[in-house]
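Starting from the known structure of chain A, fit chain B onto it as the hints suggest.
Number of protein chains: 2
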Amino acid sequence: MGPGPSNPYPEVVAALTRPLLGHLDPAFLEVLDETCARLRVVFGTDNGLTLPISGTGSAGMEAALVNVVRPGDPVVVGVNGLFGERICEIAQRQGATVVRVDAPWGEPLDPDELSSAHPAPAVIALVHAETSTGVRNDVDAVAARKGDALLVVDTVTSLGGMEVAVDTWGVDIAYSGTQKCLGVPPGLAPLTMGERARARQVERPASWYLDLGLISRYVEGEGGRTYHHTAPVSMIFALHAGLGVLLDEGLAQTWARHESSGRMLQHGLEAMGLGLVAPKDHRLAQLTTVYVPEDLPNGWGEADVRRELLQRFDIEIGGGVGPLAGRAWRIGCMGHVARTANVTLLLAALSEVLGR
Amino acid sequence: MGPGPSNPYPEVVAALTRPLLGHLDPAFLEVLDETCARLRVVFGTDNGLTLPISGTGSAGMEAALVNVVRPGDPVVVGVNGLFGERICEIAQRQGATVVRVDAPWGEPLDPDELSSAHPAPAVIALVHAETSTGVRNDVDAVAARKGDALLVVDTVTSLGGMEVAVDTWGVDIAYSGTQKCLGVPPGLAPLTMGERARARQVERPASWYLDLGLISRYVEGEGGRTYHHTAPVSMIFALHAGLGVLLDEGLAQTWARHESSGRMLQHGLEAMGLGLVAPKDHRLAQLTTVYVPEDLPNGWGEADVRRELLQRFDIEIGGGVGPLAGRAWRIGCMGHVARTANVTLLLAALSEVLGR
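If you read the sequences in order, they're chains A and B. The letter at position 42 of the first sequence is residue 42 when you use the working numbering, and the numbering goes up by one with no holes. The letter at position 48 of the second sequence is residue 1048 when you use the working numbering, and the numbering goes up by one with no holes.
Do not take every clue at face value.
[Said to hold, decoys possible] Each pair of labels, with its calculated beta carbon distance range:
id: 1; chain 1: A; residue 1: G95; chain 2: B; residue 2: Y1227; range: 40 to 50 Å
id: 2; chain 1: A; residue 1: P10; chain 2: B; residue 2: L1247; range: 27 to 37 Å
id: 3; chain 1: B; residue 1: Q1201; chain 2: A; residue 2: G250; range: 44 to 54 Å
id: 4; chain 1: B; residue 1: W1300; chain 2: A; residue 2: E34; range: 28 to 38 Å
id: 5; chain 1: B; residue 1: L1345; chain 2: A; residue 2: A199; range: 43 to 53 Å
id: 6; chain 1: A; residue 1: D46; chain 2: B; residue 2: R1327; range: 16 to 26 Å
id: 7; chain 1: B; residue 1: P1026; chain 2: A; residue 2: R200; range: 43 to 53 Å
id: 8; chain 1: A; residue 1: R307; chain 2: B; residue 2: D1148; range: 30 to 40 Å
id: 9; chain 1: B; residue 1: S1351; chain 2: A; residue 2: T226; range: 24 to 34 Å
Calculated directly from the structure, the hints in this document are not laboratory data. Built from N, CA and C at the ideal position, the CB exists for glycine as well.
If we strip away everything but chain A, and leave its shape as in the complex, we get (with noise of 0.2 Å):
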């Protein structure tokens, strides 16, 4: 109950042991395939390139950025997490002008601040839940003010946990990570690019490995796949299954689960006394941030109580990041996790490691 990994869905765990293919094996090409057209359900999209990237969430962002941006371009960045800042980072690395619209830690960002923030932005960047804080920003009203710019979202931990609508909403890319809502190991990407971004995509990005111009030969090939790199193929029969218990139950009873759980969680630490870190109307429900209290026992630090919820019930809890380390937990109901039972007994542990 971690902020990611999660626990992965037994269907997950069963796929990755299946025999491994060829990434040219028809047979794999067709999985490959339909964990596509499975994406774009999720995603909410007809974008053609739609795919997993071969590596972590971060890689996500990096393709996201390395594909768009061209050295001097301004980039319109909101930073109020870890996230924000390490779109900052990759985009100042590929040149970019960066522009960063800044809201407090565990506060939302404005929307018209961003969308005001340069008179012709080549691209606006935003996290849509920031893993770091708890909070949600408005990435649809981000969209619609959005004009030229061409509108990337991190929907690392909010893909599968909650509505993300790429299409109706107008997002040009978006990226997210295996590892939180979706139930899959950490290891894939999963990323779409529209129509107006592919227009304008950098004809040779700095990184080869990442060139979405070069992959897409692979991915969508039609009349003919162009081998480009291996595959994960384990990785990709995961995601492939992850993605099918998700569409079995319906998306928007995923949703529905993922809310549900998280709000009680948070109904329950507050009923313990404690102080939640993300305002209520941009509040995460797959990811709680919480205050840790003064007054822990036997002297302990926070660091302490993670320890013994780790050790005497093997629960994974996680601490705060940037100015919210030593100060907060972050608590994760993600994917597989997010489910009742296990709120009630990590609400159970915690009240008896904390003695409340």
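Structure of chain B alone, referenced to chain A:
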């Protein structure tokens, strides 16, 4: 029995299903440390910075180059196959002045040509075992002549299947992939980097995801681990297990198994009247390139033969690439697959299909 991915060891498949742990869980960090220690044995190195990069072999190639190549750097690249070409492409994207040293596909590189191609190269890079041609290049001879340059070596198809002696030879950076002679699914790129290379490391490489300066703070992390990106936990379990199988068997014994099965295959192919591409003194055992005979039955092309092997016998072999496309097959004896029993089966199946 294609050019990779090879079928994983059963112990590796089992390890993929180990209960997932967080990337900062002490129990996982132990597995990670042990994986790095095992990689040191297989690479033949004491390098502290020895780790699995979170991507496939090509991510290892990109990581090796982006961390030491600066714009304008003269980089000498040996090219006698597809992966030498790829090194040129990635080095150019870093702004390097690439000095190519070519040999015909199917022939080895000339170490003297490599060392005399430029008066003061920043980097000399070559492929140890060319997956596209089945040729071994003399890394030790190039290392002996490298002068002040850093030597970067691709060991994707050699590591675990034949001698790789990073420290003895004097290789500064070597990288590999998991899906060849290590008997693990594709998805990770083992990499090792020596002190000489670390002293010349690019401070802020174009790639954040592959920035070894940052990654080392998580992987080496004495006195505390600094989170960089979420480690691909299940794949690291798999690599840990694959290296365990290999070291239990013994490094020299594993090399010998690759050698004997590969040579048996080559004798069998020649006995069938087929011609081998690579010259005998630089012919890999683990990856064999064989010319397609002109007199295929039923008016078949070479792809029809591969399709028959796959459909009738569940055996995959690879087609040729580059100048060898349509003219050669590539047959792997790598990792768990490198056993004489498999060679017997393949030779029987091929003989049946070819009517020879």
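Consistency of the hints with the structure:
Hint check: G95 (chain A) to Y1227 (chain B), Cβ distance near 26 Å, so the stated range 40 to 50 Å is violated. Distance hint for P10 (chain A) and L1247 (chain B): a CB-CB separation of about 31 Å, consistent with the stated range 27 to 37 Å. About 49 Å separates the C-beta atoms of Q1201 (chain B) and G250 (chain A), a value consistent with the hinted range of 44 to 54 Å. Between W1300 (chain B) and E34 (chain A) the beta carbon distance is about 30 Å. The supplied range of 28 to 38 Å therefore holds.
Between L1345 (chain B) and A199 (chain A) the beta carbons are some 51 Å apart, a value that agrees with the proposed interval 43 to 53 Å. The hinted range of 16 to 26 Å is not satisfied by D46 (chain A) and R1327 (chain B), whose Cβ atoms lie roughly 41 Å apart. Take P1026 (chain B) and R200 (chain A): their Cβ atoms lie about 46 Å apart, and the range 43 to 53 Å holds. For the pair R307 (chain A) and D1148 (chain B), the beta carbons lie near 49 Å from each other, so the given range of 30 to 40 Å is not met.
Between S1351 (chain B) and T226 (chain A) the beta carbon distance is about 32 Å. The supplied range of 24 to 34 Å therefore holds.
Violated hints, listed in ascending order, are 1, 6, 8; each of the other numbered hints is respected by the structure.
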